[in-house]
Amino acid sequence: MVLNVDLNVPPLESSMADGASGSAHPCISQGATVSVNPQCNHSTRGQQGAVPTSNNGLRSSPIDVEALEDDVEMFSSLRGFSETRNRARRNQPVMVVLDEDLETRPRPSGVTIGESVTTLSLNTHAKRERIPTNMTIINCDLDLDPEEENDAKKRIVMKSNLEPEKVVAKEPTFTCPVCMNPLVEASSTICGHIFCDSCIKASIKAQKKCPTCRRKLTMNNFHRVYLPTID
Amino acid sequence: MTSSSAASRKALSKIACSRLQKELVEWEVNPPTGFKHKVTDNLQRWIIEVVGAPGTLYESEKYQLQVDFPEHYPMEAPQVIFLHPAPLHPHIYSNGHICLDILYDSWSPAMTVSSVCISILSMLSSSTAKQRPADNDRYVKNCRNGRSPKETRWWFHDDKV
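If you're matching them up, the sequences are chains A and B in order. Numbering-wise, the UniProt record's numbering puts 53 at position 53 of the first sequence, and it's gapless, one number per residue. Numbering-wise, the UniProt record's numbering puts 122 at position 122 of the second sequence, and it's gapless, one number per residue.
Be aware that one or more of the hints could be misleading.
[Claimed, not checked] List of simulated lysine-lysine pairs, DSBU-like, C-alpha gap at most 30 Å:
| # | chain 1 | residue 1 | chain 2 | residue 2 |
| --- | --- | --- | --- | --- |
| 1 | B | LYS10 | A | LYS205 |
| 2 | B | LYS141 | A | LYS216 |
| 3 | B | LYS14 | B | LYS62 |
| 4 | B | LYS14 | A | LYS208 |
| 5 | B | LYS38 | B | LYS62 |
[What the hints assert, rightly or not] To be clear about the criterion: a stretch of chain A counts as covered by chain B if any three or more of its residues have a C-beta under 8 Å from a C-beta of chain B, and this derived list gives those stretches:
| # | stretch |
| --- | --- |
| 6 | 181 to 189 |
| 7 | 197 to 203 |
| 8 | 218 to 226 |
No wet-lab data here; the hints were simulated from the structure. It should be emphasised that the depicted structure is a prediction, and the values quoted were computed from it without experimental measurement. All C-beta atoms, glycine included, are put in the ideal place defined by N, C-alpha and C.
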């Protein structure tokens with residue numbers, strides 16, 4: 001397994017390393033099987049000198065907690081930190097999908113993965129909001145950023161190569177050609193063109209024609225349509 | 001400098017405003033080839049630069065379109081004219097008025113500034129002779145009091161150019 005560790009984030013806490021659960025780290029490779037318990041971290045937070053943990057199911061791989069300790073203190077500033085965090089959160093789903101592919105390929109479902117993404121995101125967010133400010137801070141912004149960005153790019157590329165079909169279909173939204181907003185009370189003309197109810201009314205009133213095909217229309221020549229939803 | 005009386009029009013309706021903002025965003029993301037919107041803070045009057053398409057009589061020539069939007073746009077057509085100097089074209093009068101059906105009778109609320117621009121460039125591109133309309137002088141004289149081209153009863157007789 002490739003050890004992909006984000007140096008921007010605190011490492012495992014020693015006391016947590018063998019815990020039954022932990023919060024997920026957004027940039028560490030991890031399988032979809034990780035169980036996430038948001039409560040767990042709260043109990044340890046706030047202890048003087050305690051480093052917030054990222055226990056992410058990597059217990060079997062040789063992470064040297066002591067070695068990582070050096071790399072913890074890399075937040076150059078609060079601003080830098082929040083940027084990093086945002087970036088990390090943006091990358092998160094990418095990372096999870098990729099890992100799903102590497103580690104749990106036999107799993108057929110994309111749905112559970114999606115759920116775990118959500119959980120991770122919430123949890124990570126909550127945890128990292130409260131990163132202690134009493135940590136030693138070293139300004140390594142300049143050294144750090146390019147690396148991380150490259151890393152993120154790499155991950156995005158890999159994702160698009162590997163798992164395009166896993167993306168859950170989004171509800172399509174159709175735009176009214178008259179007002180250019182999402183359809184409100186979709187209505188079809190007898191020539192089959194669809195507009196907002198109010199837009200086709202106004203158009204027929206103004207021109208007595210279909211805005212799309214110019215077919216002659218009267219006020220009776222359109223009706224509501226009820227588009228299906230994805231469920 | 002502007003040759004039209006359109007300045008005295010009513011302010012845009014809420015619907016018109018919202019739709020024009022959408023069009024502007026869409027334009028910025030995906031402007032029609034050969035056109036450049038000159039940024040102003042006036043949503044109701046757009047000034048658009050057009051460059052003649054390669055391989056046509058107007059290649060690399062630059063002209064400016066002035067697009068004025070009525071209160072009830074898009075239910076009503078915008079007023080589109082060329083600012084001086086207007087291109088020499090059989091359907092473009094020397095005062096900048098354009099004889100093009102979609103700007104008047106054949107306007108549809110599903111059309112956009114972008115689609116109108118493309119039609120105008122297409123009209124320029126299909127021209128085979130750089131000349132004014134036959135009735136240019138009479139028409140321009142008639143419009144001297146700043147009449148809008150939308151008040152003209154146009155006769156669309158030529159479907160080739």
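Hint-by-hint comparison with the structure:
Of the pairs offered as hints, the one joining B/LYS10 and A/LYS205 holds, with about 20 Å between alpha carbons and a cut-off of 30 Å not exceeded. Between B/LYS141 and A/LYS216 the CA atoms are separated by roughly 36 Å; this puts the pair beyond 30 Å, and the hint is violated. Proximity of B/LYS14 to B/LYS62 is assessed by CA-CA distance (about 33 Å); at most 30 Å being required, the pair is judged violated. About 23 Å separates the Cα atoms of B/LYS14 and A/LYS208, which keeps this hinted pair within 30 Å; it holds.
For the proposed pair B/LYS38 and B/LYS62, the alpha carbon gap of about 13 Å is at most 30 Å, so the pair holds. Restraint check on the stretch 181 to 189 of chain A versus chain B: 1 residues with Cβ-Cβ distances below 8 Å, three needed, restraint violated. For a cut-off of 8 Å, the count of residues in the stretch 197 to 203 of chain A with a CB near a CB of chain B stands at 3, and the three-residue condition holds. For the stretch 218 to 226 of chain A, the stated coverage by chain B is not satisfied: 0 residues place a CB nearer than 8 Å to a CB of that chain, which falls below the threshold of 3.
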